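Modelling step: build the complete structure from the supplied sequences, incorporating the hints.
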Amino acid sequence: MKVNAIIQARCGSTRLPGKIFMAINGKPLLWHVVNRLKYAELIDDIIVATTTDSKDDATEEWCNENEIKCYRGSEDDVLNRFYNAAVAFPCDVIVRVTADDPFKEPTIVDKIIKKLIDENLDLSCNVFPPSFPEGLDCEVFTFNVLETMEKTTNNPYDREHVTPYIYNHPEKFKIGNLTSSRQLSNYRWTIDNKEDYEMVNAIYEKRRNEQEEILLMEEILEILEENPEIASINSDVKRSAMYQK
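Using my numbering, the first residue of the sequence shown is number 73, and each one after it goes up by one.
Just so you know, these hints were derived from the structure itself, not from any lab.
Just so it is clear, the structure is predicted and the values come from calculations on it, not from any experiment.
Do not rely on the hints blindly, as some may be mistaken.
As the list claims (entries may be wrong) - Each computed DSSO-like pair below joins lysine-lysine, with the alpha-carbon atoms no more than 30 Å apart:
1. K246 with K99
2. K74 with K310
3. K74 with K246
4. K246 with K278
5. K223 with K244
6. K186 with K110
7. K244 with K183
8. K74 with K110
9. K74 with K187
10. K127 with K310
11. K99 with K110
12. K127 with K186
13. K141 with K74
14. K244 with K74
15. K127 with K99
16. K278 with K183
17. K186 with K246
18. K183 with K141
Claimed, not checked - Pairwise CB distance ranges (calculated):
19. E191 with N299: 34 to 40 Å
20. R280 with S252: 20 to 26 Å
21. R280 with T224: 35 to 41 Å
22. N97 with S126: 39 to 45 Å
23. K266 with E147: 20 to 26 Å
24. E301 with K141: 38 to 44 Å
25. E191 with S126: 40 to 46 Å
26. K246 with E290: 17 to 23 Å
27. D190 with D148: 31 to 37 Å
28. T179 with N97: 19 to 25 Å
Backbone N, C-alpha and C define an ideal beta-carbon position, used for all residues, glycine too.
This is the structure we're talking about:
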């Protein structure tokens, strides 16, 4: 069974333009997202799905320079972009990743993939309901489900956000959710504006073990417990609808 991670990434962010190339600990945000997925044992390949907009010539160039597979498609119809990326790079299972999240946890991603396969699900996730920090969210679904969505829904919201059609039709799909042992969904570890970006950099400035290439959830939680002012940097940022109480 072939498992591909598809990262939706574009330079045309309205609130923080060019954020995928903003530096975090000396590397672009997009590098962090890609690099962390390389530690997931169950992912076979990583594809960056960007847009055909000229601004994303730089995204494709970065992928080529770093030997990362790249697909370019619709800027607004993200569902179609995912579908065509999965056709261009054939697979049985897709891990949906957004390029906003520098702290994706490889072991959590692997658990969600394993849950989909072991339980023969259509979609496996950790957001239904959320219990992990926003930014550690992950969705895994089969190519057959992706094809069903592509051919079925014309709702603009579905097509922009890829998976709402599944959650809105639970009678049609087998959905499984991975739940954290602790309720951590109050934390916001994604980058959507400058406060988010400042918060992530502040975490890196406090890290203790520079020898470890990736910063894992438990160490981040310890840093925030010892430095509560860091979490307050972006505490007023409007959260994703799925994370709002």
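Okay, the hints, checked on the actual structure:
1. K246 with K99: Judged against 30 Å, a Cα distance of about 38 Å means the pair is violated.
2. K74 with K310: Since the Cα atoms of K74 and K310 sit roughly 36 Å apart, the hinted pair is violated (cutoff 30 Å).
3. K74 with K246: 20 Å, holds
4. K246 with K278: 41 Å, violated
5. K223 with K244: 15 Å, holds
6. K186 with K110: Between K186 and K110 the Cα gap is close to 16 Å, so the pair holds against 30 Å.
7. K244 with K183: Roughly 23 Å separates the two Cα atoms, so the pair holds.
8. K74 with K110: 15 Å, holds
9. K74 with K187: 15 Å, holds
10. K127 with K310: 27 Å, holds
11. K99 with K110: Holds, at roughly 16 Å.
12. K127 with K186: Answer violated: K127 to K186 is near 36 Å, above 30 Å.
13. K141 with K74: Measuring from Cα to Cα gives roughly 15 Å; hence the hint holds.
14. K244 with K74: 24 Å, holds
15. K127 with K99: Within the cut-off at roughly 20 Å; holds.
16. K278 with K183: 28 Å, holds
17. K186 with K246: 15 Å, holds
18. K183 with K141: Holds. K183 to K141 sits at ~24 Å (cutoff 30 Å).
19. E191 with N299: 34 to 40 Å: 39 Å, holds
20. R280 with S252: 20 to 26 Å: Taking Cβ atoms as reference, R280 and S252 lie about 23 Å apart, which means the hint holds.
21. R280 with T224: 35 to 41 Å: Between R280 and T224, where Cβ atoms are some 49 Å apart, the hint is violated.
22. N97 with S126: 39 to 45 Å: Violated: the Cβ-Cβ distance is about 29 Å, outside 39 to 45 Å.
23. K266 with E147: 20 to 26 Å: Given range 20 to 26 Å: holds, Cβ gap about 23 Å.
24. E301 with K141: 38 to 44 Å: 40 Å, holds
25. E191 with S126: 40 to 46 Å: 43 Å, holds
26. K246 with E290: 17 to 23 Å: Given range 17 to 23 Å: violated, Cβ gap about 31 Å.
27. D190 with D148: 31 to 37 Å: 35 Å, holds
28. T179 with N97: 19 to 25 Å: Because 20 Å falls inside the window, the suggested range holds.
The earlier numbered hints that this structure contradicts are 1, 2, 4, 12, 21, 22, 26.
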